Amino acid sequence: MALHELLLDPTGMEEHATDSTLSPRPVSLKGLTIGLLDNTKPNATMLLEEIAKELQEHYGAGEAHMYTKDYFGTPVKESLLDQIVDECDVVITAVGDCGSCSAATVADGIMLERAGVPTVSITSDSFLMSGQAMATVQGFPGFDFYAVQHPMASLSAEEVRERALTAMPEVLRILGVEG
Amino acid sequence: MTTTLEEAKMPGVETEAEVDQLREVLEHYWEHEWTDGLPVVPVTEGYLATFLATVDRDPEEVLFTITHLNRHLTVRLAAINAAMAGCRPEYFPVVVAAWEAIAKEPHPARGIWQSTTGTAPFLVVNGPIRNEIELNSQGNIFGSGFRANATIGRAIRLGLINVFGLHPHKLDQATQGTPAKYSACIAENEEQSPWAPLHTDHGFNASDSVVTAYVIRSVMHIEARHTMDPEQLAMDFVDSIRRTGSLIHEYTSALLVLVPEHAEVFASAGWSKDDLRNFIFEHATRPRSELVAVGKDALSHKTRWRLASSHPDSMPDTAAASEDPDTVRVLSHPTSIQIMVAGANNAGVSAVVEVFTLNPPREHPFSYSKIEARK
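Top to bottom, those sequences are chains A and D. Position one of the first sequence corresponds to residue 1 (my numbering), numbered consecutively onward. Position one of the second sequence corresponds to residue 180 (my numbering), numbered consecutively onward.
FYI, nobody ran anything at the bench for these hints, they're computed from the structure. Fair warning: there could be bad hints in the mix.
To be verified - From chain A, some residues computed to sit far from chain D (all C-beta separations above 12 Å):
1) Ser23
2) Lys30
3) Glu54
4) Tyr67
5) Leu80
6) Asp82
7) Gln138
8) Gln149
9) Thr166
10) Leu175
11) Val177
What the hints assert, rightly or not - In silico DMTMM-like links for lysine to aspartate or glutamate, alpha-carbon gap of 20 Å or less:
12) D:Lys349 - A:Asp125
13) D:Lys349 - A:Asp144
14) D:Lys481 - A:Glu49
15) D:Lys481 - A:Asp70
Only a predicted model underlies this, so the values are computations on that prediction, with no experimental measurement involved. Glycine included, each C-beta is placed from N, C-alpha and C at the ideal position.
Input sequences plus hints: build the corresponding full structure.
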């Protein structure tokens, strides 16, 4: 209907292009340095360490470096991003289990991918929609990330380890590693 | 006067078709999710121009950016959303100043409206513009019924939804939110206040028009029709301000919206706004045992959120290192209490508006901007 064409778009979204190109995937993790980006949410450190341990023990991954964000609600600072890109071959980041940090975790993953580093962003499954919405805003609709079962914050060490083991097939799939 | 059925029907058919077309236009906005759920006003370039003509601004000037969302709100987008919200063009200078004030607040740019806490933008308007655009400041101030209040507040929320993509269930992950998210814009009842208006506290002249922006949680009713004693009345406010449910970090802050009758109780006893602020600051404490009872007597090492001292991640709060560790302040500064007057002069019913407060607390938990219309 012609009338609709007169109505102004209130979003300002139209001028933004999308770029959904992933970084090149490694076939094997053998000897690769793993970056672990901790957003400081409860149990994030332990979840990341458990995943790294699995990647090292069963897939031959090399050293793992832990990095800590200074604020969970916004994406990683440029200086830290540059350092991670410089020092790591693949990255795992967790855990987006709140409104702002779920979106920020996905944004971190997209920035790392665009900088050429294969990355698995981990949110909790309560915040799947928030992560997907962030990916759209960042011009990367359909960005692939892992949604771990909610909740994360209140889990015991044993439960965190179970979450990590459950995550492994998806972590490997997103990294493009042959199992 | 008599009309035959045929005469009544003929012009009616066309008119009805036009109304159908109007409804179809409104449906177009719902289909695109360009709304807060309520119908919006259709906006064309011609109508937009009447808004842009009220301010001396480049339409492409950016008023507010959320960097991590990669989104910018320009004057033009602010105007489209204000028009959709139902603003009249002459309200637009207030909307522009409101966005500027919000842009100065620390939490909105850092993603607070994606957060589970579910806060809302809250605007206070002072100065002559209130009367020029008929902003309500006397009676039912938080309720509906006044176009300027309803639509200026809504203009902000529509901008957040449309321009920043802060749709509920998507980027807006508020667990419950607040009714204030539909719209929250009040004006000070300067005419019935015994004190100088709020914006003069920020250093403006009373003849300036100013928007003050807050990020808020609850608006609580304080029923106090019983006393003419300023200390009793102040303690009634204190009781609500120090509730444990407001404590996510160590402290809280509040905007006290006094009705003229309550303001008069203080003013006639010789209390200034600072006297009231200081009294509330001194009394807004809790015995540590009450914080123990709700499991909020310590802080998390990592996030500085309140939690029980028995938690493995806990560290002592600030009060624990003070001379009186068993008395815990819930306000960090006397200025954590802001004071204004609004509402009808017909009963002792005021409000405590809870202002969102993280660690480290801010001495002045608000931002403001002067309203400038094109001369």
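The hints, checked one at a time:
No beta-carbon of chain D is positioned within 12 Å of the beta-carbon of Ser23 (chain A); the least distance is around 19 Å. Annotated as non-interface, Lys30 (chain A) keeps its C-beta farther than 12 Å from every C-beta of chain D; the closest such distance is 34 Å. The non-interface label for Glu54 (chain A) is consistent with chain D: the shortest C-beta to C-beta separation is roughly 24 Å, beyond 12 Å. Against chain D, the non-interface label of Tyr67 (chain A) holds: every CB pair exceeds 12 Å, the least being about 15 Å.
Residue placement check: Leu80 (chain A) keeps its beta carbon more than 12 Å from all beta carbons of chain D (closest about 14 Å). With a least CB separation of 17 Å from chain D, Asp82 (chain A) remains clear of the 12 Å interface cut-off, as annotated. Interface exclusion of Gln138 (chain A) from chain D breaks down, the closest Cβ pair being 6 Å apart, not more than 12 Å. Gln149 (chain A), annotated as away from the interface, keeps every beta carbon of chain D farther than 12 Å; the closest lies near 17 Å.
At the 12 Å boundary, the C-beta of Thr166 (chain A) stays outside the reach of chain D, the nearest C-beta of that chain being 23 Å off. With a minimum CB-CB distance of about 24 Å to chain D, Leu175 (chain A) clears the 12 Å threshold, and the non-interface call stands. Distance to chain D confirms Val177 (chain A) as a non-interface residue, since its nearest Cβ pair spans about 29 Å, more than 12 Å. Distance restraint check for Lys349 (chain D) and Asp125 (chain A): the Cα-Cα separation of roughly 13 Å lies within the 20 Å cut-off, and the hinted pair is therefore satisfied.
For the hint pairing Lys349 (chain D) with Asp144 (chain A), the CA-to-CA distance comes to about 16 Å; that is within 20 Å, so the pair holds. A threshold of 20 Å between alpha carbons decides the hint, and for Lys481 (chain D) with Glu49 (chain A) the separation of about 18 Å falls inside it, so the pair holds. Proposed proximity of Lys481 (chain D) and Asp70 (chain A) is supported: the alpha carbons are some 10 Å apart, at most 20 Å.
Violated hints amount to a single one, hint 7; each of the other numbered hints is respected by the structure.
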